[in-house]
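Number of protein chains: 2
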Amino acid sequence: MAKTLLDLVKECDSFPYFEDNAEYYLSHLKNYHAFKVNGCDAVLGYLPNTIVEKFHWIENDWQVDATSRTVTLMAAPGATPKARTEIMSRLLAEAVRRQTFEVLNGWRHEMYPIYGPGGEFLLEMERSASPLFGITTYGVHMTGYVEDEQGIKFWVARRSKTKQTFPNMLDNTAAGGMSTGEHPYACAIREAAEEASIPESVFAERAKSTGVVTYFYIRDARAGGETGLLQPEVEYIYDVQLDASHVIKPCDSEVEDFRLWTLDEVKESLKRGEWKPNCATVMIDFFIRHGILTAENEKDYMEIVARIHRRLPFPTATYN
Amino acid sequence: MAKTLLDLVKECDSFPYFEDNAEYYLSHLKNYHAFKVNGCDAVLGYLPNTIVEKFHWIENDWQVDATSRTVTLMAAPGATPKARTEIMSRLLAEAVRRQTFEVLNGWRHEMYPIYGPGGEFLLEMERSASPLFGITTYGVHMTGYVEDEQGIKFWVARRSKTKQTFPNMLDNTAAGGMSTGEHPYACAIREAAEEASIPESVFAERAKSTGVVTYFYIRDARAGGETGLLQPEVEYIYDVQLDASHVIKPCDSEVEDFRLWTLDEVKESLKRGEWKPNCATVMIDFFIRHGILTAENEKDYMEIVARIHRRLPFPTATYN
Chain C
1 MAKTLLDLVK
11 ECDSFPYFED
21 NAEYYLSHLK
31 NYHAFKVNGC
41 DAVLGYLPNT
51 IVEKFHWIEN
61 DWQVDATSRT
71 VTLMAAPGAT
81 PKARTEIMSR
91 LLAEAVRRQT
101 FEVLNGWRHE
111 MYPIYGPGGE
121 FLLEMERSAS
131 PLFGITTYGV
141 HMTGYVEDEQ
151 GIKFWVARRS
161 KTKQTFPNML
171 DNTAAGGMST
181 GEHPYACAIR
191 EAAEEASIPE
201 SVFAERAKST
211 GVVTYFYIRD
221 ARAGGETGLL
231 QPEVEYIYDV
241 QLDASHVIKP
251 CDSEVEDFRL
261 WTLDEVKESL
271 KRGEWKPNCA
281 TVMIDFFIRH
291 GILTAENEKD
301 YMEIVARIHR
311 RLPFPTATYN
Chain F
1 MAKTLLDLVK
11 ECDSFPYFED
21 NAEYYLSHLK
31 NYHAFKVNGC
41 DAVLGYLPNT
51 IVEKFHWIEN
61 DWQVDATSRT
71 VTLMAAPGAT
81 PKARTEIMSR
91 LLAEAVRRQT
101 FEVLNGWRHE
111 MYPIYGPGGE
121 FLLEMERSAS
131 PLFGITTYGV
141 HMTGYVEDEQ
151 GIKFWVARRS
161 KTKQTFPNML
171 DNTAAGGMST
181 GEHPYACAIR
191 EAAEEASIPE
201 SVFAERAKST
211 GVVTYFYIRD
221 ARAGGETGLL
231 QPEVEYIYDV
241 QLDASHVIKP
251 CDSEVEDFRL
261 WTLDEVKESL
271 KRGEWKPNCA
281 TVMIDFFIRH
291 GILTAENEKD
301 YMEIVARIHR
311 RLPFPTATYN
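Here the protein sequences come in this chain order: C and F.
Mapping of the first sequence onto the working numbering: position 131 corresponds to residue 131, and the numbering continues sequentially without gaps.
Mapping of the second sequence onto the working numbering: position 211 corresponds to residue 211, and the numbering continues sequentially without gaps.
In case anyone wonders, no lab produced these hints; they're calculated from the structure.
A hint or two may mislead.
In this list, chains with the same sequence are indistinguishable; a pair is considered to hold if it fits within one copy or across any two.
Stated by the list, open to error - Pairs of lysine-lysine residues, derived as PhoX-like cross-links and limited to a Cα-Cα distance of at most 20 Å, are as follows:
| # | residue 1 | residue 2 |
| --- | --- | --- |
| 1 | 3 | 208 |
| 2 | 299 | 153 |
| 3 | 82 | 30 |
| 4 | 153 | 208 |
| 5 | 163 | 249 |
| 6 | 161 | 267 |
| 7 | 208 | 299 |
| 8 | 163 | 82 |
| 9 | 10 | 271 |
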């Protein structure tokens with residue numbers, strides 16, 4: 001059966017809302033432990049209770065409180081990010097040694113940042129482990145498109161069949177996660193070159209920052225590894241209007257092929273559920289900003305707009 | 001002191017969030033009665049308790065439950081919108097006769113719709129009374145702009161000094177509320193003509209639907225009448241790129257004057273707090289979509305984007 005656009009958004013923004021059913025929301029929260037660092041009040045992420053049970057928590061490094069359902073990283077208050085990161089790394093190294101978690105088989109050797117209130121950098125952790133702690137992750141997504149009298153066309157990527165996550169699904173023109181220290185624009189210009197062979201000069205001239213898409217994802221089987229892990233995400237969005245003569249080519253093995261799709265082809269492939277869920281939301285956001293989806297032609301218009309700009313219940317990054 | 005853009009957004013999106021402080025949010029909710037209609041489970045709005053006390057509730061028409069803090073319009077389940085509307089109108093007529101509420105001095109003779117789950121039209125009520133019940137109201141806002149090698153300029157309206165609400169403040173090029181039966185595009189094309197003398201043919205060619213801005217406003221003194229009333233709002237947004245030769249002129253007495261403002265002039269006037277709050281959020285949304293505000297130059301970027309696309313805790317309209 002064809003999926004509606006709201007179905008696609010819900011696959012991506014799957015964490016419940018307090019306002020929809022307070023009782024259900026509060027009981028759902030009991031499935032998780034809050035992740036905190038010593039000396040900072042903010043909740044930085046959520047670990048499923050089943051994950052908390054499996055970790056071998058190192059004494060003095062960690063405090064696990066089953067009553068308040070809290071996991072606290074016990075570096076001294078005011079410790080350096082480096083000191084906190086070492087504690088996290090010790091824990092994860094032990095989990096790798098014991099082969100505790102499937103998601104860690106996809107170790108990326110990439111460090112993701114964790115921010116406290118006011119955007120304070122608290123620590124960093126290995127990317128593949130981030131969903132175990134349910135921390136907010138940051139990335140960039142860009143849509144390369146061509147527009148002429150015949151209409152609009154989109155450069156759509158198909159993910160490699162051998163990719164660990166969401167193999168063979170459709171993807172935005174380029175996208176990528178932001179490691180510690182990276183800023184959105186710098187990440188975008190790098191990913192455009194690496195994934196879609198878009199020269200820096202072309203990106204600098206043609207790309208426009210057009211907002212941010214946020215959602216709170218509960219990982220399903222397609223994400224690979226354990227299901228039910230949380231992944232609150234922030235995706236900085238760029239539109240890249242290209243000349244008709246500009247041909248996008250894969251640059252690394254992550255993309256199977258690139259093809260210029262018509263608007264109808266994109267719409268149909270969305271309905272068939274062929275897009276990686278968060279890439280579908282990026283296309284939907286493009287459609288809304290460009291007047292392709294309107295209140296008059298999409299019955300779930302408002303719900304879609306609100307859900308792809310979800311206010312995440314965690315401190316988030318600032319870059320200036 | 002200069003206001004930040006987030007300050008401006010917070011003036012408009014002033015209702016608290018559960019996630020920021022669950023205890024405060026739940027205790028804040030105790031200041032209100034939920035508005036419901038008989039036979040429908042959904043909360044349609046919130047009335048401050050002080051307003052509930054002042055109304056002369058007509059027996060059999062209304063059920064006021066102080067324990068569950070609920071005000072229910074008691075038309076039979078499955079009643080027609082007309083039957084429900086008559087009950088509401090009787091109540092409001094009595095309030096006008098008794099001069100109970102200041103906001104009703106601004107009686108507009110315009111009916112605003114109230115929707116239930118799935119966008120079902122339940123009833124309508126006089127526009128000026130809508131904040132007494134805290135129902136979601138709908139409108140359109142459009143930004144007329146000119147772009148050339150020298151940059152971007154905006155057609156900014158200054159509200160009439162004698163306007164009841166937000167007199168003398170800066171406003172978008174055109175904007176207006178949507179009465180029962182009106183759809184966003186039809187409302188926008190009408191307001192463009194009425195308020196900014198933009199011919200229908202120019203609007204049809206130049207305007208683009210670019211999204212929706214939503215926020216949950218607690219009315220302050222500048223809105224006129226009682227303060228503390230709730231006003232959850234949905235504003236459908238249009239960008240209208242005009243030729244440099246197109247001059248916008250006021251068409252009715254609501255606008256003092258129109259002038260083409262540079263980007264810097266708009267930014268400075270925002271900081272000085274000269275804009276009607278919700279019109280400020282519409283400009284901010286434009287800045288984000290057009291790459292003027294970015295994650296790199298605005299520290300509150302994410303919080304701003306999420307708050308001006310707030311998911312309202314009420315059923316909302318659909319138009320198809």
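Verification of the supplied hints:
no.	hint	in the structure
1	3 with 208	neither (30 Å within a copy, 26 Å between copies)
2	299 with 153	neither (24 Å within a copy, 34 Å between copies)
3	82 with 30	neither (31 Å within a copy, 45 Å between copies)
4	153 with 208	both (17 Å within a copy, 18 Å between copies)
5	163 with 249	within (18 Å within a copy, 58 Å between copies)
6	161 with 267	neither (22 Å within a copy, 48 Å between copies)
7	208 with 299	between (28 Å within a copy, 18 Å between copies)
8	163 with 82	neither (32 Å within a copy, 58 Å between copies)
9	10 with 271	within (14 Å within a copy, 37 Å between copies)
In summary, the structure is inconsistent with hints 1, 2, 3, 6, 8 from the numbered list given earlier, while agreeing with the others.
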